[in-house]
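Protein chains in written order, with my numbering: chain B, 111 to 410; chain L, 111 to 410.
Quick caveat, the hints were computed from the structure, so don't treat them as lab data. Among these hints, one or two may not hold up.
As the list claims (entries may be wrong) - A short, non-exhaustive set of chain B residues, derived as facing chain L with CB atoms under 8 angstroms:
| # | residue |
| --- | --- |
| 1 | Y227 |
| 2 | G230 |
| 3 | W233 |
| 4 | L234 |
| 5 | V275 |
| 6 | N278 |
| 7 | K368 |
| 8 | D394 |
| 9 | G397 |
| 10 | V405 |
To be verified - Ranges of calculated distance between the beta carbons of each label pair, as one might list FRET restraints:
| # | chain 1 | residue 1 | chain 2 | residue 2 | range |
| --- | --- | --- | --- | --- | --- |
| 11 | L | D390 | B | R407 | 31 to 39 angstroms |
| 12 | B | K174 | L | E309 | 38 to 46 angstroms |
| 13 | B | G130 | L | L320 | 48 to 56 angstroms |
| 14 | L | H295 | B | E326 | 43 to 51 angstroms |
| 15 | B | P206 | L | P190 | 39 to 47 angstroms |
| 16 | B | D283 | L | K267 | 46 to 54 angstroms |
| 17 | B | R407 | L | P190 | 41 to 49 angstroms |
| 18 | B | E348 | L | K129 | 53 to 61 angstroms |
| 19 | B | V173 | L | A387 | 49 to 57 angstroms |
| 20 | B | E156 | L | E131 | 50 to 58 angstroms |
| 21 | B | S343 | L | P190 | 38 to 46 angstroms |
| 22 | L | E186 | B | R175 | 53 to 61 angstroms |
| 23 | B | E376 | L | D390 | 50 to 58 angstroms |
On a predicted model such as this, the values are computed, not experimentally measured, just so you know. Don't be surprised by glycine CBs; every beta carbon is placed ideally from N, CA and C.
There are 2 protein chains.
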Amino acid sequence: MLIRAFVPAHVTAFFAPVKGEDPLQTGSVGAGVNLSKGTSVFVSVETGTLERHIHVAFNGEPVKREDAVISYSVAEEIVPRDFTGEVEIWQYFDFPSGYGFGNSAGGALGTALGLGYAFGGTWLSVARIAHRHEVVNGGGLGDVVAQLAGGIEVRVKAGGPGVGVVDNLFFEDYRVLVVPLGPLHTKEVLDGDVIKSIEVEGRKALEGLLREPSPERMMALAREFAERTGLLSGELLELARELDRVLSNPSSMIMLGKGLFALVSEEELGRAKNLLADLDVPYDAAGVYRERPKVGRWVG
Amino acid sequence: MLIRAFVPAHVTAFFAPVKGEDPLQTGSVGAGVNLSKGTSVFVSVETGTLERHIHVAFNGEPVKREDAVISYSVAEEIVPRDFTGEVEIWQYFDFPSGYGFGNSAGGALGTALGLGYAFGGTWLSVARIAHRHEVVNGGGLGDVVAQLAGGIEVRVKAGGPGVGVVDNLFFEDYRVLVVPLGPLHTKEVLDGDVIKSIEVEGRKALEGLLREPSPERMMALAREFAERTGLLSGELLELARELDRVLSNPSSMIMLGKGLFALVSEEELGRAKNLLADLDVPYDAAGVYRERPKVGRWVG
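Using the sequences plus the hints, can you model the full thing?
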């Protein structure tokens, strides 16, 4: 049996981490955008061997357990103990990992949905497993629930699937421009001094967005958040200012990656591409993903 | 400005009503299916008149306030008090009203999403308004949150949007066969003696489904629920038994309408259609709607 799951990439605009009593009560409030590109997970289940084997591969390359702790942990928990056979989990990412596109959660949730489809469970029961291993292993705090919600999302109450509450904004036909320049180590940022500032500014941004809920306001608040926390500074801030000159809404920083994103019209996208090409800076574009993650039998 | 919203029809398989302290805490637990056919709502907003006017039409025919209390109430609450202009809300239903397809909630939620898109708000803020007027006016208890969730849904915690928790089942490519025979008056059923039995059997069915979560089990539990509560009896029960002879999963009763539904393969659908045509019984078929409701600018 071959199963395919798709989970959108998720870019966080602003956030505040929330530590609860257990992983399911832990997460983040904030806002972000789900993209039409993301993580595709192919799950192959074959019986007929004498032992229970689970294999994970990233972009076609097998990875060891210590390099894919979250995905292996999710799989170990969902594949029944007494199952004998080969379970292969092939994860393909449209964006580079560590750059703030929610690849870790995309792989975890896609794996959970694919294995849930194969071995049983419900969406929430397997998504909770993905969320828990994300939290415990220092992946994302809010990506799984955000990806389940789709669209341009606002996490109004922190927590895992069934506990956290995710709202959505109405929006016009925006395209999402992304400028992925490099990775940031989420864990190090969240363990540093900046965390106090993130907590204060993240909550302030959320309150501001709920007073005036629109994607345009979200981008303005995201930019304020990024600058006030000091996360967006130096050359990246200069690049954001360059970009702003050709856009009607402010660009902001991908949380957490060394990169920028912006909501743009088709026309603005053209202008921004020209600018970024002139500056010799990498970029990509995607649509806003309005649906739920997908999972189903793969027939080629 | 012309806006279109689509909300899937929703058929409840089994349920137990839950009365909370306020409408947002009130709802139902249970399970059901969202269909690829449903309610389309076109919202037209024109400024330039001196007064604030709101008009609602069902299937092209203008309806008076007293005949569309829920939709008018939703619109009155979302359209700003100081707005001057014409707001027209055109609701089109793929299934007849009162037959258990969630038309009332579809119209309320579609109106809320369309007006939220035009006048501002978030998905949850306007969906809560739809839910509240549904509950207060004796429409559905769980349709709005079920329609927001999509797919084959399980309401595990009762309540309105952001309070209730809705899970989803994994499923293969089922088609949904529906046999709509006539209306049932939800309010009268829920006020009658059968309500005690519905509460007991509904909770039992939910527990059973969460122990073994699959669409096939849901249909078996729905049928037990329908028969044990006595809602499915007489000629309708006989018709269900006829249908079962050509299907692999049991058919069950649409809650609440005088009608049946079943999850079928393409091949079974063909056999069932032949049988129903022979019996001169009306039927329709749809896909399972896997997405979220849609809303956006309508450009023809």
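Structure-inconsistent hints, enumerated in ascending order:
Hints 7, 8, 9, 12, 13 and 16 contradicted; others consistent.
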